[in-house]
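Put together the whole structure using the sequences plus the hints.
Read top to bottom, the protein sequences are chains A and B. Just so it is clear: in the first sequence, position 214 is 753 by this note's numbering, and no numbers are missing. Just so it is clear: in the second sequence, position 464 is 1003 by this note's numbering, and no numbers are missing.
Simulated from the structure, these hints should not be mistaken for laboratory data. Here the structure is a predicted model, which is why all the values come from computation and not from measurement.
Residues of chain B placed beyond 10 Å of chain A at every Cβ, according to the derived structure: (1) Glu654; (2) Arg693; (3) Ser803; (4) Pro864; (5) His869; (6) His921; (7) Arg985; (8) Leu1078; (9) Val1182; (10) Ser1183.
Some, not all, of what chain A presents toward chain B, calculated at C-beta under 10 Å: (11) Ser558; (12) Glu568; (13) Arg629; (14) Tyr655; (15) Ser659; (16) Arg663; (17) Ala666; (18) Leu674; (19) Asp676; (20) Lys934; (21) Phe936; (22) Phe938; (23) Glu945; (24) Lys971.
From chain B, some residues computed to sit far from chain A (all C-beta separations above 10 Å): (25) Leu773; (26) Gly1053; (27) Asp1140.
Beta carbons are placed, not taken as given, at the ideal position from N, Cα and C, and that holds for glycine.
There are 2 protein chains.
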Amino acid sequence: MTIAATTDRNDVLPTAAMSETAPPRVAIEVVRPVVDQGRFAAKASVAEPVTVVADVFADGHERLAAAATFRQSVTGTEVTVPLVAVGNDRWSAQAVLDEVGPWTFTVVGWIDPWEYWRHSILARHEAGLDISVELGDGLGLLERAGQAGDPVERLRGADVSVALDDNLAATMASWASTLDGLAVSAAYPLHVARARAAHGAWYELFPRSLADGGETANPDTRSHGTLVDLVDRLDYVADLGFQVLYLPPIHPIGLTARKGPENSLVAGPHDPGSPWAIGGSAGGHTAIHPDLGTFGDFDRVVARADELGLEIALDLAFQCAPEHPWVTEHPDWFAHRSDGSIRTAENPPKRYEDIYPIDFTTDDWQALWAELANVVRCWVSHGVRIFRVDNPHTKPFAFWEWMIAEIRSETPDVIFLAEAFTRPRVAERLGKLGFDQSYGYFTWKREAWELTEYFGDMSKRTLDYLRTNVWPNTPDILTDQLQSGGRAMFEARLILASMISANWGVYGPAYELGESAAVRTPGEDYARSEKYEVRHWELTHPDSLAPLMRRLNIIRSHHPALHTDQYRVLHPCDDPGLFCFSKQNHDRSDTVIVIVNVAADMHRSGLVHLNLEALGLEADQPFDVEDLLADATYHWQGSDNYVSLDPHGPIAHILRVVR
Amino acid sequence: MTIAATTDRNDVLPTAAMSETAPPRVAIEVVRPVVDQGRFAAKASVAEPVTVVADVFADGHERLAAAATFRQSVTGTEVTVPLVAVGNDRWSAQAVLDEVGPWTFTVVGWIDPWEYWRHSILARHEAGLDISVELGDGLGLLERAGQAGDPVERLRGADVSVALDDNLAATMASWASTLDGLAVSAAYPLHVARARAAHGAWYELFPRSLADGGETANPDTRSHGTLVDLVDRLDYVADLGFQVLYLPPIHPIGLTARKGPENSLVAGPHDPGSPWAIGGSAGGHTAIHPDLGTFGDFDRVVARADELGLEIALDLAFQCAPEHPWVTEHPDWFAHRSDGSIRTAENPPKRYEDIYPIDFTTDDWQALWAELANVVRCWVSHGVRIFRVDNPHTKPFAFWEWMIAEIRSETPDVIFLAEAFTRPRVAERLGKLGFDQSYGYFTWKREAWELTEYFGDMSKRTLDYLRTNVWPNTPDILTDQLQSGGRAMFEARLILASMISANWGVYGPAYELGESAAVRTPGEDYARSEKYEVRHWELTHPDSLAPLMRRLNIIRSHHPALHTDQYRVLHPCDDPGLFCFSKQNHDRSDTVIVIVNVAADMHRSGLVHLNLEALGLEADQPFDVEDLLADATYHWQGSDNYVSLDPHGPIAHILRVVR
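Rendered as structure tokens:
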């Protein structure tokens, strides 16, 4: 086999040349958080301190000191924290980084001769051995460090207590860091995002379904909701406790091969089409669908949302309906086949004639990529700071990496959510190259053992670069669990999603109104999907789950433990239908334990085996847990505690540990 | 906290600049074997193929191809192997690298449009759909690739079978690798060692104990063995099946503070002293102890060993007795204290006055390091190619990295064994920076669960950079298991060591003669240790374990499965006193299963639960296992098989799987 283009490799030849200065004796290894050896930035946020970990050690019996220094690459702000030895040559510290943007950090380690001297003289003194040489050695160190006065005098007077002085030791450790031989790790990149990237509750709705009119009206003439209707609906969403309102594409929709109801191939004259078939005579990705309204209306949506503490997230779906302006203006932005036709989306043997994928590898790729970034800039200029990206896994990694860096360099607080329902390696790569969040596979993790596998080792492995935003449903995914599980299942999945992940979202009002009809089974497509028709929702229905949604979001807002996934721990349950996890914040001041009857099919009961060590609880100390859903308090002790949950009773406990 | 010297960091700034050419769409991640991101060379050898693994994937539904290219850094020899997809975007291959020395390798990945075309046209053809556009697309690809004649004619004739032609597909894949967009990983270093680094059986003896004279003679006048005696003893060692004979230091021994028997502080006039207190009037590290003989004698030892297929390994103990020539010639190579004295070895509150550690950080470090390398060169010039390094963890990492690279650049086949009985991170670092082998912690892993932990995940994690050489005893370590366990324990530990590790060693004749007396308990020091006195051993004793040693080494030489630790698998046993593992070679053509009664205290029996998948055995297919110790054959089936082992019967099974 012959492979081209391997000639420019940077061959690593063995170097037997001695360096000019003595190399550092301290080794620094296994630094974290580091993603692919620093090729990508690890994720951090202003919402919680970043924990840095490294193995720092030297030959021999030396005493070491170590620190981590963080530097904001744009402003130059520096933060240095001393690392503390936590055993087996591992060192760790937490650092508060309160400026959004790109940072780098290095770990440094050095030999601290004073620390070894303290240990040495105290050991010999306690053993009753001669310490005259040690006294001289200590004086020598103080002199080299430029110390004078009290400590020097005391040591001259053979006062061993100088070795007990921790302030002096800290001064001497700092001095030692100025000597030759400081070991410095590589500089590793870290992206510090704003708090909303780290935690938030998302709500998705279709603005065109917001008009009054009643569900029973003829769908062909059902009135089309507008952005003005949306302004009115914002109170409802904010009152439910959501922080982000995500809108499917609001752009003009193509007519050619427009899809009809139930994803049918032929649309009737009044069918509105899929919002993801972007582009028409009224414009493309930087235009608003005329039936929704104007940029003025959109600006009012953003302004009112802002008053309510809501952020508007828009959809970025980089694909075109056949009449998108780019198709005629830039035909070379689309791939052509041997018969001259534009290549359509395909999954052999199927083809999708209604959508043209963009050819990101066109010869004109630089102009194309620049124009796509301009789409984002357009909406940024209208106040949008959050984008949900449609199918990013079908576009080149390099495009996203460039585009996200480009936008962030102008507007550091922009957040991107990847709709990467794809293979694990691909989804993880998107997280690495800059997406703040990614939809996870939660939607399909149904059984307790599946949830355990998913939220256990798998999600721990990716913690440094993948923030998961979990959804119990989306307009594309109505799981068979929800189709057949009834109200208890809707409750269970709602509680699971909102409690287990710092970022969660839900597609409503379908969810709170218990919409469970699929167009066909087996299958996950909603019947009468809003993707293809205008719907009307009776928000005031007495069975609405809105009150539970609201309560869950309020619990979230009160509990910092629910604002991070870094300290999530799973706890085994005897009953395979029960699933238990706990969440804590970085200083363990807040602890929430959640137990859900995830089967939601029948009464489930049994012991929950808490990992007390992970929770920082003592086995012999009783503790109270307060149920935040039921307003009850239980008295627990030890790791094993009995739980009973029922589809007709409470389907879950959300327990605050009372300290 | 203020830390100096962090100004020269290579800050990683976000780059929003677009590259000149379109970046590759293929991502390459998680390449193995890679040690610390390529900072250190991974270990390989000519004894077995190296397995390369990488995640290779792209956006979209593209079909990919991938390969690994290896290049010998000195000779330029290149080896390229195609990678094969093994699932979940992971690719793998094995490559035979048959030149010792430094290599680098890169993984390359590229999009293979012909492969996608084959898939596409066949899928549509099978579905009975129109393929006229696909035929045109395929012709276009063949033209671009410069193909003519048969395939082009067939495709023009709408002959879809062109898509089934695997040879054509391979040609088209090679062509695709020449297109723009080839993704190339970093070049990762790999050190290919000779076979002896990968597997071997070591025997250690003290040459001064080889003289005739009888154990009952007065130790004060016991005759001192010589290198001439050693020439005679080589047949014994070779006949036991060992490949390496390791000698403790053979240099002149210091008189100042010389240790007497049992490590006593005062030596009598006839006490020979510890061979590790190196240096006297007759010279230092490049001299031979006059009582042992001359360089001429040493050369005869090496020559005779070579005839017998034995290699001589020498000890490198970089420390000095007070009368070592360097102490007077280079007083600045030793650290001085505030009272002007030379700093001795210490472990507060204790000090060891008999040995001066070398100050590797002396201002004159370059001359010192060069001189230490000259010590190695001296013995290399006398035919030595294997060095056992004493306490490398008390000398700077940078020294070893430099020294090993230096020596290897001159003599690539030199092998270094690290006596790094120290903390895990430190021992692992020594493996990373070039030591071919390291003593492991096997000696103290006694119970089945300890062995499971040690040879399970822990040793898997370090497989790319740490080759463990396991010893049931050393002159410094007589475990309490051996002190009290009797003959059965000696057998069990011998079988374990020789079978579980591709590299093993034993300190004899103390081991085969069952020497079990400690100088004190608790403690691990041999009574009447050869470190401090001349001994005499009755090799012909009827209870000698030499026949078992010989048989084990013969089994090793016959079984390639025992020449590597890469494919070692542990299998659970019901009885906590039983320990089971299997070994295979790289192509699974040889399988050896070993079950040992590691408690060796009483009859142990129960089920062994074989991991059949790891062994490549079918659950429903019976298989024969032949006991290589007992010359018996058993008929086994499925994962669970019954085993019974007794201190008085066979203490272990060594089973060859008959295919």
